[in-house]
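*Asks:* The lines below spell out each chain.
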Amino acid sequence: MSPDAPSPDRPEGMLSPFRALDLTDGAGALGGRVLADLGADVIKVEPAGGDSARGLGPFYQDQPHPERSLSWFALNANKRGITLELASGAGRALLLRLVERSDFVFESFPPGALAAWGLGFDRLRAVNPRLVLVSITPFGQTGPYAGYRATDIVAMALSGYMYLCGDADRPPVRISAPQAFLHAGADAAAAALIAHYERQSSGQGQWVDVSAQESLMGAMMNARPFWDLNQVNLQRSGPLRSGLANATHRRQTWPCREGSVAFAVTAGPTGARNMRGLLAWMAEEGAAPPALLHKDWDAFDMALAPQAEIDAIEDPVLAFFARHTPAELFHQALKRRVILYPVSTTADLLQDGQLAARAFWTRVEHPALGATLTYPGPFIRMSEATCGLRRPPPSIGQHNHEVYQGELGLSDAELRALAEAGVI
Amino acid sequence: MTVPFADIKVVDFSWVGVGPITARYLGDFGATVVRVESATRPETLRLTPPFAGEQPGLNRSGYFANYNCNKLGVTINLKHTLGPALARRLAAWADVAIESFTPGTMADLGLSYHELAQVNPGLIMLSTCNQGQTGPRASQPGFGTQLVSHAGFTWLTGWPDRTPTQPYAAYTDLIAPKLGAAAIAAALDYRRRSGRGQHLDLSQLEAGIQFLAAQVLDYTVNGRVAMRQGNRDDNWAPHGAYRCQGQDRFIALAVTCEPEWQALAQAVGEPWCDDARFQGAPGRLQHQDELDRLLEGWTSRWQAEELMLRLQHAGVPAGVVRSPEEIHSDPQLSHRGHFWYLQHPEIGRHAYDGPAFRLSRTPGDVRMPAPLLGQHNEQVFVGMLGLSDQEFVALLASGALE
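Residue numbers (my numbering), protein chains in the order written: chain A, 68 to 491; chain B, 937 to 1338.
FYI, nobody ran anything at the bench for these hints, they're computed from the structure.
Everything numeric in this text was worked out from a predicted model, so none of it was measured.
Ideal Cβ positions, reconstructed from N, Cα and C, are used throughout, including at glycine.
It is possible that part of the hints are untrue.
What the hints assert, rightly or not - FRET-style restraints, in silico, Cβ to Cβ: (1) A347/A / A1021/B: 33 to 41 Å; (2) Q374/A / P1281/B: 27 to 35 Å; (3) S1265/B / P196/A: 22 to 30 Å; (4) Q1054/B / A354/A: 47 to 55 Å; (5) P1072/B / E325/A: 53 to 61 Å; (6) P1072/B / A354/A: 26 to 34 Å; (7) A438/A / Q1198/B: 38 to 46 Å; (8) A1021/B / S462/A: 54 to 62 Å; (9) G1058/B / E79/A: 42 to 50 Å; (10) D1170/B / Q267/A: 39 to 47 Å; (11) S83/A / E1206/B: 53 to 61 Å; (12) G1205/B / A157/A: 40 to 48 Å; (13) Q472/A / E1051/B: 23 to 31 Å.
Please model the complete structure; the sequences and the hints are all you need to start from.
*Replies:* Here you go:
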């Protein structure tokens, strides 16, 4: 049995009985997207002019327009979309009617904003005691930084991860693709579903408070306990990594012909086979120093090796890689079961044979653009249900009629009046 | 107060990063998690620093400990003739099984989902590996420390005039667990409604690419290959990490709209802030080399912490680039109670990361330090699986628990 493609006898998604209202802006929109991918009906609720995150590029054909933001598409595909002005009393009343019919609400307003509108957790819970409210903010709902403004780079800095990234002789860097609120959004989805599982037995909802800063804490991996246990601050070191053994560093990014690859010298019970595989290959090309070929890789303890010994291993490997392209190295590594990957660009990923074989890339029709766009596919494969994209991101207010009339039962006249009043 | 996963039993056959971190999401919210390890081939992280007192030891790694608190620890040698049968008993006992071996390994041991589902049809099994359970490269061994490069993150980290530099450690190992935990929670809910277990296939590559979805679309739609750009941003300027007083001290700062620019300009109060070229994002983006130089001239006269307070007070997004040391005394994390200090038998009292979120009624906790290797063998095999004392002694003597 392989948990692979969807089949007709499986439900569209595991969460198909459930509905989420997604009030988030750019920060945290991934949370609702994950629930939508798992089958929930997720309704994006935007102000009348559209979510401000629609103003962020890149844009479809590089034309800035709220209906063409690719970064917005990426986080809001699979959702339906309605407009609703929460600043108006009529808008808030409508929201409460939707909350009655929903299982989750995601929001990313500054702490206290919902409550100031009279839409705090207590009010929402009064209309729907089962509701799971998920609040996504940079630092959480309370505390000295709760009111702080944060973009991606600010959250990356205050989480400690940035301190460890980049070249030693230049400032620390973030990853050049915003990450912080994706971590918060993915954690928001996990948290929402943990609360959901509990709610389905207790009948009681709860308020989930997600902090992007805390969502990023795990990225420091061993660097954080390194301070706690040894009072050592590991330092950013470009293509090298420290902290795998006391006081030495190892290369992890290796320049080669026309690119770079990722590889690590390994030894011992879990690493010897990897090294022997590489050396056999180097030997075939006359590039393996005898000292390395005859080294007892099973017994060699990287943790105890002095830097000079590590350098004496890495230098000939570096010279060998310099003779080959990333594609050649990856091809041979796969054949020889050596753990090596190319440093891929997005273009390389679209060419990747494994992703193609798993039919990862998903084409989504965008009728409004008259185009079909290729998106990343499912984040997981499930044997009982389909995970992945079923619909394009909504245009602004696309599902107003469907939701307000079809589900709340508003009349044409009521809907017109709300539109004229600027509520929707 | 009920605990979300009070009734959920998890057997965690996984190792290193993704699997153990995923299992922690369940353990942190009340599940009983049994972590299965080999004493013959100890898990990589038990052998990886930092070690308490800088003294290596199988029970002394803070790296291992942080991912394995809230778990009971048992040892099974799956290569011993009696090993797989014992593992099968654990899978029969469990609601959730997690494994992260190279695909094919569990099947070779007679522990594939198909075989385990025969003894436990309601089992939810998460299999996670670098590139997924199917496809031509499924059986390629790999670790997150290299996969992060294949997934596109290394290319996007560093400076455009230099070779790329991998973001620290196994970055994709932080992504997959969040999505895997969400899927497991959904699968548990689905099982309660349908009575059906299932197999989940979590490719760490496919999970990682979700975090580059906008960059993927920019390529598939516009043909543009995203490039690392230091700390710059396509939409906003100024945007970067700027030097402050002291050795290697930086403040990260971003101006995302005109009110924030005006707030920054007022805080700086130098004549260049009025330069017409810097009014409006397009002008600032176009002239950001000069803008960055002028701004750093100002920030470098400030203490980073003091400057963050001043800029945040003025309404400018700004934050100190915190070191691992500073993280442990960060006022916000302290307020949140992010770190849980527990007494570990060999490491002593040390800090565990708590959950990244609070649930108002069932907040989650860190109850148990990481297990010593095989610490809970008797408690789990006799107390929970119901082996007799004789059976347990026989297993011990056989070497199946090595």
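*Asks:* Any of the earlier hints contradicted here, and which numbers?
*Replies:* 3, 5, 9 and 13
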